[in-house]
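J.: Chain by chain, the residues:
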Amino acid sequence: MPFTWLVLILLAIATIGFILGRRRALNSAGGDRRELHSLPVYYGANVAMWAIVPAATVLIIWMLAQPFFVNSRVLATLPDAMVSEGSSIGLVMSDVRRVADGLDVAVQLGAMSRAEAASISTETSDVRERLGEVGVALGSAVSPEVLSGAQRYRTLNAAGSLLMTVLVLLIALGGAAYAYSKSTANFRARNNVERGILALLIAAASVAILTTIGILFALLFNTIEFFKLYPAADFFFGTNWAPSFSGRGGSSDLGVLPLLWGTFYISFIALLVAVPIGLFSAIYLSEYAGPKVRSVAKPLIEILAGIPTIVYGLFALLTVGPLLVSMFGKDTLGWMQGGTAVMTAGLVMGIMLIPFVSSLSDDIINAVPQAMRDGSYGLGATKSETIRQVIIPAALPGIVGAILLAASRAIGETMIVVLGAGAAARLSLNPFDAMTTITAKIVSQLTGDADFASPEALVAFALGMTLFVLTLGLNVFALYIVRKYREQYD
Amino acid sequence: MNDMRIVERKVDTNEVKIAAKDVQVYYGDNHAIKDVSVEIEDKTVTAFIGPSGCGKSTFLRCINRMNDTIDVCRVVGDIMIDGEDIYDPKVDPVQLRAKVGMVFQKPNPFPKSIYDNVAYGPKIHGLAKNKADLDNIVENALRRGAIWDEVKDRLHAPGTGLSGGQQQRLCIARAIATEPEVLLMDEPCSALDPIATAQVEELIDDLRKSYSVVIVTHSMQQAARVSQKTAFFHLGHLVEYGETTTIFTNPVDPRTESYITGRIG
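Protein chains in written order, with full-length UniProt numbering: chain A, 1 to 490; chain B, 1 to 265.
Since the hints were derived computationally from the structure, they do not count as laboratory data.
It should be emphasised that the depicted structure is a prediction, and the values quoted were computed from it without experimental measurement.
Honestly, I wouldn't trust all of these hints.
With a cut-off of at most 25 angstroms between alpha-carbon atoms, the simulated SDA-like pairs for lysine to any residue come out as follows [what the hints assert, rightly or not]:
| # | chain 1 | residue 1 | chain 2 | residue 2 |
| --- | --- | --- | --- | --- |
| 1 | B | K106 | B | Q95 |
| 2 | B | K99 | A | A371 |
| 3 | B | K106 | A | I392 |
| 4 | B | K34 | B | L235 |
Here are some chain B residues the structure puts well away from chain A; computed CB gaps all over 12 angstroms [unchecked claim]:
| # | residue |
| --- | --- |
| 5 | D116 |
| 6 | R208 |
| 7 | G262 |
The beta-carbon is built from N, C-alpha and C at its ideal position, and this holds for glycine as well.
Generate the whole structure from the sequences, applying the supplied hints.
T.: Right, here's the structure in full:
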């Protein structure tokens, strides 16, 4: 609650600052807005900006830093014996936090007074039972060290929050006062607000970039962790994928090749379906279809892109799989053992990718200048000759880009594979065999109850990293192609 | 102006190549060309002049049925080339366009090499017996387009890399390569500088030996320089048509006189 209040108070300060700043600027110009350097709203906005931005920055940094600070302080008070005795530091700290949260709940429900929560000790009462009464279940009896740690945790947190609230409000008031004092007719409020907006836009862009970098580092560190436990050569060149969940140790085979093969095979079949159909439909829509057909058909095709992939997965499992079995299964050709196969997933994924290819290609083909078409028709070329020999070559860089984008989608697709291709990792040329992909295996490695520190779980990060490098490489390649040919075909 | 050198040019033949009779063109409800009748002679340069929006480009595009590619456009009346009605249902517009080449206002080389740009038409229409023959056709077209010397060492460089004037001459060479009988030019010099314009004009005069050339232009000096016959269009009507010398020195219609002296347009 206090946090919500703090934000509301901040907003109130900003609003009042806006009104006051605007009024002060107007008054300083004798009520004549033509005398002001900027429009009155800019003076108000400048005050509001000064009230919110520094205060909010401090607030965010404080909230990120406080847990670390409190944790280390509480940890320092815990006796070393406790940690070495049993499990790791992390487990003890999570006990402390759980008890502290429990005390919070108890105070909130009125089962304990504030003073009691601060002074309760294991000698006078059964803390576990008291907390159990308010619905906080603890695994074992609370030791005196943990309890005192929890109490210290609570006091530190409370003090920190109070200090933060006071500091943030002071900064907000100070910022507003500073900007208010500047709100006179000659002050260039407009330019200041402009800079503020620029900073906001840069901050938004940085969030996206920093998040990407953060994800990359998280992947990287865990991948390194995995390669400490499992030899890299076995991972990259192993042809067998057989993780064991029985326990730690060398009993698992974690070779990536079968998964990589499955990924490529399924993506290849998907592109084999999507590229011709998508490209041809794009050509029809952009070159042959009349405006009426186009206005109906284009949105209809794009609806395909809006269908959730799990629905495609169901379609693969319940419709396409059985259909393929009836055509290639035991009763007829005997190529297919069950409904889940590379072919099933590939076909359905191909259908999913059609709108990506067709919609992008359609835009690109439309962007080819009419002068190209006129030139070709003027030489006596037919429509299809013009498309084949002039328009497609001119649009090729864009079309290649669209196809590579579709390929990235195919490589990263999960749900269709889980439901349509089966879970068996295998190196086989037969498209009617069940196979699996990198993404599907990441899901299955992390959704089990394997120990998070075991190679069987950490391999997911190595797989994720492989996938990331693959799609990154594909995107870089796509950019390279597009740039190279753009120079040639202006 | 010194550029207005109006030379007495002997018209080589008086054989009619294109005969249009009572042509009407509609863009949807807009009546763009009204009752145009004109006889264009073979081996002659005919210039269409007139203010913007007067229908001269529209009429030019009727001669090779380029207007067919515009959905709302409707053409009524007869246009005969060599006595054959080109709007007859039996006529294939694609074949017609091979016979009636066109050069556009803005140079529009294809995103291909110089060689492939010129070889495009001959390949489509199967004009070459073999590779050597095709090489010959390309070389001849480029020579006649007066651009061979500039590009002979880089035939496989992209056509889009040439300068504007070179691109336009490449487009003319491309149109010549299909051996058309008529060459339509829609303001071929409006995107070019004076030097490139002079080169293209020289080329047009040269092309007259073999083709009937129809050129739309906004520059009256250009019309006077390159053409033997001039047609003046105004508001969709063909106002006056005759020898270039007559049109520019002694026009019959007062509108023509106002236009060439710069009072309307």
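J.: Confirm or reject each hint.
T.: Going through the hints against the structure:
1. About 24 angstroms separates the Cα atoms of K106 (chain B) and Q95 (chain B), which keeps this hinted pair within 25 angstroms; it holds.
2. For the hint linking K99 (chain B) to A371 (chain A), the alpha-carbon distance of about 20 angstroms falls within 25 angstroms, and the restraint holds.
3. Annotation: proposed proximity of K106 (chain B) to I392 (chain A) holds, straight-line Cα distance about 21 angstroms (limit 25 angstroms).
4. Distance hint between K34 (chain B) and L235 (chain B) is fulfilled; the C-alpha atoms sit about 9 angstroms from each other, no more than 25 angstroms.
5. In this structure D116 (chain B) is not separated from chain A by more than 12 angstroms, as the shortest Cβ-Cβ distance comes to only about 9 angstroms.
6. Distance check for R208 (chain B) against chain A: the nearest CB is about 20 angstroms away, which clears 12 angstroms, and the non-interface claim stands.
7. The non-interface label for G262 (chain B) is consistent with chain A: the shortest C-beta to C-beta separation is roughly 31 angstroms, beyond 12 angstroms.
In this structure, the one hint that does not hold is number 5.
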